[in-house]
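*Asks:* Guided by the hints, dock chain B onto chain A, whose structure is given.
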Amino acid sequence: MTHTKKFLAVILLSVTAGLAMATDITVVNTGSKTGGIFAESQAIVNELNSTGKYKTDFINPGNSCVGMSQVKKTKQPVLFFWETVYEVAGRNSNNSDCQIDFRSEDIVRVDTNDWRICTLTNGPSQADFIKSGSSYKVGHSGPGSILKSYITAINDTFKTNHTSVLYTTGGGSIGTAMMNKEIDFAVFSPKQATAAMIQGAVCHWSLNTKETNGIPSLYQKANGTNPGLIGVYQTIFVAQNFDVATKREVINLLKTNFNTPGATLNNMYKGLNISQWDKSAGDIKKDWDLAIVVNTAPK
Amino acid sequence: MESMILSIAVGIVSGMISGLLPGVGNLLTMIMLIPIISQWAPLEIFVCFAVLVQVSQFMGSLTTIFTQVPGELSSLPIVQELKNVPNKNLPDVISSTAVGSTVGAGIAITITLMLLNWLQWFGYFFRTEILFVLLIIAVTLVYKHATGSLVEKMLLGCAGAVLGLIGYNPVIEQNILTFGHPSLMSGLPSSVVLVCLFALPQLHQVRDLEILACIGKIRYTVSTKILAAMPLWSIIGFVGGLMPGLATLLSSQLAYNWAKAKTQDPIYRIAASETANNAGAISQMIPMLILGLPILTSEALALGLMESKGYMPSLTTGIEFLQASVVPLLVSVIVSILFAWPLALITIQFVLINMRMVRTVAISLLCLTIFYQAFLDHQLLFVTATFVVLSVLGWLLRQRDTTLMVFLFLIIDRLVEMSFRLSQLYF
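Chains as they are written, first to last, in my numbering: chain A, 1 to 299; chain B, 1 to 427.
With the rest of the complex left out, here is chain A:
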């Protein structure tokens, strides 16, 4: 019983101490505890703290739904990332905690990510991948049903017989599987593709609607006939509950870091060219809705 009392006292103390600490800005990690969104959220906390002007509280539950529920509870200025796939999962599960209250004016940066089909430099050629009757193993991450639907669309359009192979443990596992010849091709996000290219990979096709970073579009190759070949998702960076002046100041600070060669945020996006800071409210809403549709129903 004594232990129970002590234990409860510790919990009460912790809760009280937490409530007593006022913070200026809250940053919520809506990604996993170790992924790219976590790394960038943590970098933003460091950047804001290093100015000495803001006291930043970092909430890191490691789960998109719990992260979003924290965002919704927060009344003070809050910064967070949100991805199309989180939103789709939230809508599919009918859980309002896992869906964003979308307001275009809160969105300060939009990253448009296209899936890219890559292989080893000494692997099959660009033409081999879409050659009628060709049969390759194509590795991809989750959500499995969506990514698999792209392979199905490729097979339908180009009369190929590719097999989709799911890896749920991140881009590193897919890259390794390509290196050890377990798979022939890999479907990578732009960040993963950049990392793989350093390891000796080459990206032959993009699932964007048009050529991206010199990588031709499969959708265009099929003369725009099959929308199932559009594989694009968005990551939005959101600033809620800010007054206009503070928001401008914070965003300028982060934007400067993002654009300064060698700075932490710049290193994370070096050469990717996927981010837009000053997108119009109308375009933000239109593109977000399109990304949701593309990522919702398997084609």
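Just so you know, the hints here were simulated from the structure itself, not pulled from any lab data. It should be emphasised that the depicted structure is a prediction, and the values quoted were computed from it without experimental measurement. All the pointers check out, no bait thrown in.
Below 20 angstroms or equal to it, Euclidean Cα-Cα: the simulated EDC-like pairs (lysine to aspartate or glutamate) are:
hint : chain 1 : residue 1 : chain 2 : residue 2
1    : A       : Lys33     : B       : Glu307
2    : A       : Lys191    : B       : Glu307
3    : A       : Lys75     : A       : Glu105
4    : A       : Lys247    : A       : Glu47
5    : A       : Lys286    : A       : Asp111
6    : A       : Lys72     : A       : Asp243
7    : A       : Lys33     : B       : Asp413
8    : B       : Lys309    : A       : Glu47
9    : A       : Lys181    : B       : Glu129
10   : A       : Lys270    : B       : Glu307
Just so you have them, the derived chain A footprint on chain B, three or more residues with Cβ under 8 angstroms:
hint : region
11   : 178–190
12   : 285–293
13   : 305–314
14   : 376–389
15   : 417–425
Glycine included, every Cβ here is placed at the ideal spot set by N, Cα and C.
*Replies:* Using the frame of chain A, we list chain B on its own:
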């Protein structure tokens, strides 16, 4: 040079904290270090992390020997075997563990240096079929050596698997047993499962800790039989350390089960697991550096920090980083063996004051860490509820060997994913 010394020093100190305080672990330590090390260059971040992991392995063993509270899963064999060690032989456990850890680390560093020119072939080890077979071997070994009747082991194994499956399953894209609760989508917190379903039943079974007072002085001898087997355990540990998600846990379990099949000597078995997990602590770094494939969550965090400072995993940079970390690792091994062997007696003097109190403090620290982290993550209610429910289950299982249950809890997701992938690759 100064910055490298600083990174070694921070790695050693934080490794000691991580190892000596049960429940803290390398991931939490790394999270706490972020404000400091996120300002460093990638090499310094890596050296700090590698040193931290190595030192925490030495210190974790020492804590487990003194308190019989497993700070991490790779220390499970110590807890299980200490029950069978006669009081007068406890100093031999300390010496065998310290020497084994040193030999394991030394041999793993040597193997890594010898393999530098062939590291690009490491990727072939990560083929799904190889990892799957290795995992099945590990499950079989743990099953074979778990105590209890066939039915009991099967039931506990299934219970572990069910608990491990709770959460969002990315293979079937469905929530399993989450009952609409968002926090359960990430699954049950493994630290809570470890405490409630392993530590509590084990603590109920351990003998009175007063017997540790029998450690009169440190012995500086290690049996030749144990010394002779250390190179083999190191190789087993090196291979086990490459297993994604398990690393040193698999290293220690493979070597421990191999030793269990060979002898009844508990010191021999403990030395096997401790030698292997220190070797695994070295090999687990290779995939992260060369392939950008983090084996554990703490590695994923370290790699993320390194990448944010411009590191790009590749054969060239990986080899460069491995070579640069040899001296820091050797320094950390030397410092660690001093603390874990000759200076262990000094630690014991503090510990011996009141063994029961030490054990209470260790368990309290473990719980405090879990709840403090839950508080920071705004998950206090969820973790508390999980803790209460699992504590009741742990109490009900207090007379049982729950190793297989905990092991399956940890690996079931990986087994499911690999099985599904194999079906895609071959059928």
